[in-house]
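Trainee: Chains as they are written, first to last, in this note's numbering: chain A, 76 to 279; chain B, 76 to 279; chain C, 76 to 279.
Bear in mind the hints are in silico, worked out from the structure with no lab data behind them.
These numbers come from a predicted model, not from an experiment.
You may find that some hints are simply not true.
Because identical chains share one entry, a pair is satisfied inside a single copy or across any pair of copies.
Stated by the list, open to error - Simulated crosslink set (EDC-like; lysine to aspartate or glutamate; CA at most 16 angstroms straight-line): (1) Lys277 - Glu108; (2) Lys251 - Asp269; (3) Lys208 - Glu115; (4) Lys277 - Asp130; (5) Lys208 - Asp130; (6) Lys208 - Glu278; (7) Lys277 - Glu211; (8) Lys277 - Asp148; (9) Lys251 - Asp179; (10) Lys277 - Glu138; (11) Lys208 - Glu265; (12) Lys277 - Asp243; (13) Lys277 - Glu150; (14) Lys277 - Glu221; (15) Lys251 - Asp130; (16) Lys277 - Glu123.
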Amino acid sequence: MRITPRGSQFFRLLTDAAANLVTATGLLRELTEAAPQEREAIAGRLHEVEHAGDDLTHTIMVELNSSFVTPFDREDIQTLAARVDDVLDYLDTAADLAVLYRLDTFPPGTELLLRVLCRAAEITAESMPGLAKVGELAPYWIEVNELENEADRVYRRVLAHLFQPGADALEVLKTKEVMEQFELAADAFEHVADVVQTIAVKES
Amino acid sequence: MRITPRGSQFFRLLTDAAANLVTATGLLRELTEAAPQEREAIAGRLHEVEHAGDDLTHTIMVELNSSFVTPFDREDIQTLAARVDDVLDYLDTAADLAVLYRLDTFPPGTELLLRVLCRAAEITAESMPGLAKVGELAPYWIEVNELENEADRVYRRVLAHLFQPGADALEVLKTKEVMEQFELAADAFEHVADVVQTIAVKES
Amino acid sequence: MRITPRGSQFFRLLTDAAANLVTATGLLRELTEAAPQEREAIAGRLHEVEHAGDDLTHTIMVELNSSFVTPFDREDIQTLAARVDDVLDYLDTAADLAVLYRLDTFPPGTELLLRVLCRAAEITAESMPGLAKVGELAPYWIEVNELENEADRVYRRVLAHLFQPGADALEVLKTKEVMEQFELAADAFEHVADVVQTIAVKES
Chain A
76 MRITPRGSQF FRLLTDAAAN LVTATGLLRE LTEAAPQERE AIAGRLHEVE
126 HAGDDLTHTI MVELNSSFVT PFDREDIQTL AARVDDVLDY LDTAADLAVL
176 YRLDTFPPGT ELLLRVLCRA AEITAESMPG LAKVGELAPY WIEVNELENE
226 ADRVYRRVLA HLFQPGADAL EVLKTKEVME QFELAADAFE HVADVVQTIA
276 VKES
Chain B
76 MRITPRGSQF FRLLTDAAAN LVTATGLLRE LTEAAPQERE AIAGRLHEVE
126 HAGDDLTHTI MVELNSSFVT PFDREDIQTL AARVDDVLDY LDTAADLAVL
176 YRLDTFPPGT ELLLRVLCRA AEITAESMPG LAKVGELAPY WIEVNELENE
226 ADRVYRRVLA HLFQPGADAL EVLKTKEVME QFELAADAFE HVADVVQTIA
276 VKES
Chain C
76 MRITPRGSQF FRLLTDAAAN LVTATGLLRE LTEAAPQERE AIAGRLHEVE
126 HAGDDLTHTI MVELNSSFVT PFDREDIQTL AARVDDVLDY LDTAADLAVL
176 YRLDTFPPGT ELLLRVLCRA AEITAESMPG LAKVGELAPY WIEVNELENE
226 ADRVYRRVLA HLFQPGADAL EVLKTKEVME QFELAADAFE HVADVVQTIA
276 VKES
């Protein structure tokens, strides 16, 4: 990995921000596997990660305003930081809602969705130091795209299963609301990759 | 406040558009406090404000196409006008759905959400004449961000309360649909601030 | 119609992508009119169209990366292709969910929504070859905007009807989920038109 000296603090900050996604998806997986009474503590830890992410985004914005030279367009760095932050928000919301709604059990398919989200976090984090050679990141955004499709497919099957005749509508509504955040997080990973692709098109 | 003569009509038009947000949030607050049979008339007045907003957006687009000089990038002015219009749409939708679904009562937390929305409208309107000195608007977008977080926090508690065991699922579904528009409106205020921040980053 | 030789393959590829929208809305209409047991086969055909659309989007991205000259900003062409693809996704999702949830009947208003979507597809497809003279496309995006408002209006009435007292909440939830995709597709057509308008503002 070769990092150009110009604006290398942005690659470092974005790398830190993306590393938070790995921690957060890991905590969310832990939460879905924990007993209901243990969930609140894990959600609290995830919330701290989300706060750390907010601080990083803020630092990136301040750096952008005080740097004469940036590796890419200022707005693209700003957008990228904001999109990474969006993913973190959905993960945090999923945890918060699961606790708040006192969700009984997570529906079948949850494990699969979390495997997709953990993998998306992993390759997103791996791609950030590589931004300096953005043209070589095609395998990253292709896989994120496939993961998003996979999450979507699983999510629909989760809902179809929830909607079984005789199900309790109120319970369905609550569960759907929580599971939706998983799907939105997968979408949000794709939006991160979209910005990376936009930068690659500009640089090509 | 210093307005440069170049493109000052855009500041004026955007200021008028944002002033509509103050009127609209005020009407929405009035609607949520009114008796059910009085709601339709108030929703009608809000809908007229929304129409006036559409006309302003159209005027901004026409001006953009006929002006040689614009204070910022044409696309940023266009996006800003579109985002202001989005807020108005959600406020109008909230009022329309409340009438259409014959909502019985607004859930606890509604008053708090409206306080947040009215404040967001206020500071958004105040920020528009200041666009000429966009670098000084940081306090505005920081507060909008905080207000969006507050709206989000309240919204989740509103839902958790709605989802109480024994609640009528159909009533919950209807109420959730209306309350969601409040949350989307708070998001949309943040998106307005995002565009202002994008402009500030470019101008810095 | 006059097509400049420079970058004319992009107009052709975008025209093909938009033609898929006409096929897809037609198939979706067919599905909503078919007997439940015939729906799966039609959804399968729609899914093939969606795949063909993915391939086209991919070809556009590859062309963008290998072309020295493009008719508009690279990012705008990329965004336009992505927004056309979004519409296709919602149409495909609507069909998939209708099958997956074993929807009994489509609610009143469905026919009207499909008329709106088919018309939006038609004028979007017609607008693409005209991108070379983007300044003359105002009638297109004005009508798409009106169609989106119409879809929104009908969608709300569909929901209000679904939410009738005594309705089965689980059935309402399922049907709402499917109908929402129709509304999102209408929104997505408007987002396509927004990008066209952005290009027009830049070129003016």
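Trainee: Determine for every hint whether it applies to the structure shown.
Mentor: Status of each hint after checking the structure:
1. With identical chains, the CA atoms of Lys277 and Glu108 are never at most 16 angstroms apart, being 43 angstroms at best within one copy and 45 angstroms at best between copies.
2. In this homomeric assembly, Lys251 and Asp269 never come within 16 angstroms of each other (Cα to Cα): the closest approach is 27 angstroms inside a single copy and 29 angstroms across copies.
3. Taking the closest pair of Cα atoms, Lys208 and Glu115 never come within 16 angstroms of each other, the shortest separation being 41 angstroms inside a single copy and 45 angstroms across copies.
4. In the homo-oligomer, the alpha carbons of Lys277 and Asp130 never lie at most 16 angstroms apart, since the shortest distance is 28 angstroms inside one protomer and 22 angstroms across protomers.
5. Taking the shortest alpha-carbon separations for Lys208 and Asp130, neither the intra-copy value of 26 angstroms nor the inter-copy value of 26 angstroms comes in at or below 16 angstroms.
6. Taking the closest pair of Cα atoms, Lys208 and Glu278 come within 16 angstroms of each other only inside a single copy of the chain (10 angstroms); across copies the shortest separation is 27 angstroms, beyond that limit.
7. In this assembly of identical chains, Lys277 and Glu211 lie within 16 angstroms of each other by CA distance solely inside one copy; the values are 14 angstroms within and 28 angstroms between copies.
8. Taking the shortest alpha-carbon separations for Lys277 and Asp148, both the intra-copy value of 9 angstroms and the inter-copy value of 9 angstroms come in at or below 16 angstroms.
9. Taking the shortest alpha-carbon separations for Lys251 and Asp179, only the intra-copy value of 13 angstroms comes in at or below 16 angstroms, while the best inter-copy value is 21 angstroms.
10. For a Cα distance limit of 16 angstroms, the shortest separation of Lys277 from Glu138 across copies, 13 angstroms, qualifies, whereas the shortest one inside one copy, 22 angstroms, does not.
11. For the identical chains of this complex, Lys208 and Glu265 are neighbours neither inside a copy (19 angstroms) nor across copies (32 angstroms), given an alpha-carbon limit of 16 angstroms.
12. Proximity of Lys277 and Asp243 under a CA criterion of 16 angstroms is satisfied in neither setting, with 51 angstroms inside one chain copy and 52 angstroms between copies.
13. In this assembly of identical chains, the alpha carbons of Lys277 and Glu150 lie at most 16 angstroms apart whether taken from the same copy (13 angstroms) or from different copies (7 angstroms).
14. Taking the closest pair of Cα atoms, Lys277 and Glu221 never come within 16 angstroms of each other, the shortest separation being 23 angstroms inside a single copy and 33 angstroms across copies.
15. Proximity of Lys251 and Asp130 under a CA criterion of 16 angstroms is satisfied in neither setting, with 31 angstroms inside one chain copy and 32 angstroms between copies.
16. For the identical chains of this complex, Lys277 and Glu123 are neighbours neither inside a copy (35 angstroms) nor across copies (31 angstroms), given an alpha-carbon limit of 16 angstroms.
Violation of the numbered hints given earlier is confined to hints 1, 2, 3, 4, 5, 11, 12, 14, 15, 16; the remaining hints are satisfied by the structure.
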